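Let's have the full structure, built from the sequences with the hints guiding it.
Each protein sequence line maps, in turn, to chains A and B. Heads up, the first sequence is in our numbering, so the first residue is 138 and it goes up one at a time. Heads up, the second sequence is in our numbering, so the first residue is -14 and it goes up one at a time.
Everything labelled a hint here was simulated from the structure, so no lab data went into it. Accuracy of the hints is not assured; some may be wrong.
Just the calculated beta-carbon pair ranges, DEER-fashion [unchecked claim]:
1) B:P82 - A:P157: 42 to 48 Å
2) A:I189 - B:K181: 58 to 64 Å
3) A:D181 - B:K210: 31 to 37 Å
4) B:C89 - A:S205: 48 to 54 Å
5) B:R103 - A:I189: 18 to 24 Å
6) B:M37 - A:G197: 50 to 56 Å
7) B:L219 - A:T195: 34 to 40 Å
8) A:D181 - B:A30: 49 to 55 Å
9) A:T195 - B:E203: 48 to 54 Å
10) A:D181 - B:L42: 44 to 50 Å
Short, incomplete list of chain B residues facing chain A, as computed with Cβ under 8 Å [as the list claims (entries may be wrong)]:
11) V126
12) S128
13) F132
14) Y143
15) C147
16) D151
17) F154
18) L162
19) G178
20) T224
21) Q229
22) R230
This structure is a prediction, so every number in the text was calculated from the model and none was measured. Virtual Cβ for every residue (Gly too), placed ideally from N, Cα, C.
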Amino acid sequence: MALLKNIMAFLFGSAESDYPVLGKNSKLILSDANMAEQLLSAIDRDRNSENIITISGTKGSFRVERVSEI
Amino acid sequence: MSGITYGVALIILFFILPGGLFRKAYSPIHLSNYHLRASNFAEIATTLGFGMVIQCLGILMINKYHPSLYVDFRLLPKLLSSPDEVVLSKVQKHLIPIFSYNACLLLFSYVMGSLLQRLVLSFRLDERFLVLKFDNAFHYVFSGKMFLKKDTEEILTYMNVCVKIDNDFFVYSGFLLDYQLNKDGHCELIELGKVKRKVIDKHNTEFSHILKKNQHHEYNLFCDKLFIPYNQILNFGITYFRVQRVNG
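What follows is the structure in structure tokens.
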């Protein structure tokens, strides 16, 4: 069934985006109010530094690092 | 039909259609703002080039591996110049194999284009080689995928978007959830989540009075998604965050 779905999506195109902006882990973080709040607080607290934080919630723990290579 | 009419129809069928389908499959609208422009010689030449390569591959495969079918392209110059009754009757006799061959070739072009696109995206070849880079700059700007170091990582994009509504300037800050492109491949709409709104300039006295009274110069918006039309955005800033699951 999954194979058939993939073939159908391949031939007719999928209504879902093939190139989503949000990944699986990012979706988990944003869907968990507690983790999203932890992340937003970290962003507000430390806007200008290259910070690495670990946030935890019911859906797991995630390491979030601000990209500094720019 | 005259030779010229046959010629144009044949060139479209044999070269432009396979090349166009290949390019369409390789660069869908999410990844490209390319669309065929009749006046653009480079676009037509590229499409023709791809079409010829695919046609050559098709002829080689059929002539070498098919036990009974044979693609006879010596008929093509005759059709292009002055098709006589003998040539036309030959084509007429083999209409079904000709149609089947071209249908298979079009499907092959589409599959090849899609497969190449998946390969390029999987191995991130578009970030290494300029020739493979997709036309849609928004794909790279919004995804921030060039900052990924490992396959297990993801990029989470946080945006500050400045919007002017009447005489007030607002900054919306939130995580980029998605964006939509219009039919030309240009950004039309962005979707933000966990949004905060901040007023940065106020000329509308009535509204600023309400804001001052409630002391809500910066406040969270009670919504799951905020849709902002791209043409209303004055400018935007992006902060990328690398996200990785921690074991344990």
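Status of each hint after checking the structure:
1. Judged by the Cβ atoms, the range 42 to 48 Å given for P82 (chain B) and P157 (chain A) holds: they are separated by roughly 43 Å.
2. The given range of 58 to 64 Å is broken by I189 (chain A) and K181 (chain B), whose C-beta atoms sit roughly 23 Å from each other.
3. Checked against the given bound of 31 to 37 Å, the beta carbons of D181 (chain A) and K210 (chain B), roughly 21 Å apart, lie outside it.
4. Between C89 (chain B) and S205 (chain A) the beta carbon distance is about 51 Å. The supplied range of 48 to 54 Å therefore holds.
5. Range check, R103 (chain B) to I189 (chain A): Cβ separation about 33 Å, and the 18 to 24 Å hint is violated.
6. Distance hint check: the CB atoms of M37 (chain B) and G197 (chain A) are about 52 Å apart, consistent with the given range 50 to 56 Å.
7. Look at L219 (chain B) against T195 (chain A): about 39 Å separates their beta carbons, and that is inside 34 to 40 Å.
8. With their beta carbons about 53 Å apart, D181 (chain A) and A30 (chain B) fall inside the hinted range of 49 to 55 Å.
9. For T195 (chain A) and E203 (chain B), the hinted distance range of 48 to 54 Å is not satisfied, since their beta carbons lie about 29 Å from each other.
10. In this structure, D181 (chain A) and L42 (chain B) break the distance hint of 44 to 50 Å, their C-beta atoms being roughly 57 Å apart.
11. This hint is violated: V126 (chain B) has a C-beta 11 Å from the nearest C-beta of chain A, more than the 8 Å allowed.
12. Given hint, S128 (chain B) at the interface with chain A, holds; its Cβ is 6 Å from that chain's nearest Cβ, closer than 8 Å.
13. Proximity of F132 (chain B) to chain A holds as hinted, the smallest CB-CB distance being about 5 Å (cut-off 8 Å).
14. Below 8 Å, beta-carbon pairs count as interface contacts, and Y143 (chain B) has one with chain A at about 6 Å; its hint therefore holds.
15. Checking C147 (chain B) against chain A by beta carbon gives a least distance of about 16 Å; that is not within 8 Å, so the hint is violated.
16. At a threshold of 8 Å, the smallest CB-CB gap from D151 (chain B) to chain A is about 28 Å, leaving the interface hint violated.
17. Of the supplied interface hints, the one on F154 (chain B) is violated, with its beta-carbon coming no nearer than about 20 Å to a beta-carbon of chain A, more than 8 Å.
18. At about 6 Å, the closest approach between the beta carbon of L162 (chain B) and any beta carbon in chain A falls short of 8 Å, and the interface hint on this residue holds.
19. The beta carbon of G178 (chain B) comes within 6 Å of a beta carbon in chain A, closer than 8 Å, and the hint placing it at the interface holds.
20. For the restraint placing T224 (chain B) at the interface with chain A, the shortest Cβ-Cβ distance is roughly 7 Å, inside the 8 Å limit, so the hint holds.
21. Checking Q229 (chain B) against chain A by beta carbon gives a least distance of about 5 Å; that is within 8 Å, so the hint holds.
22. For the restraint placing R230 (chain B) at the interface with chain A, the shortest Cβ-Cβ distance is roughly 6 Å, inside the 8 Å limit, so the hint holds.
The structure fails to meet hints 2, 3, 5, 9, 10, 11, 15, 16, 17 from the earlier list, while all remaining hints are met.
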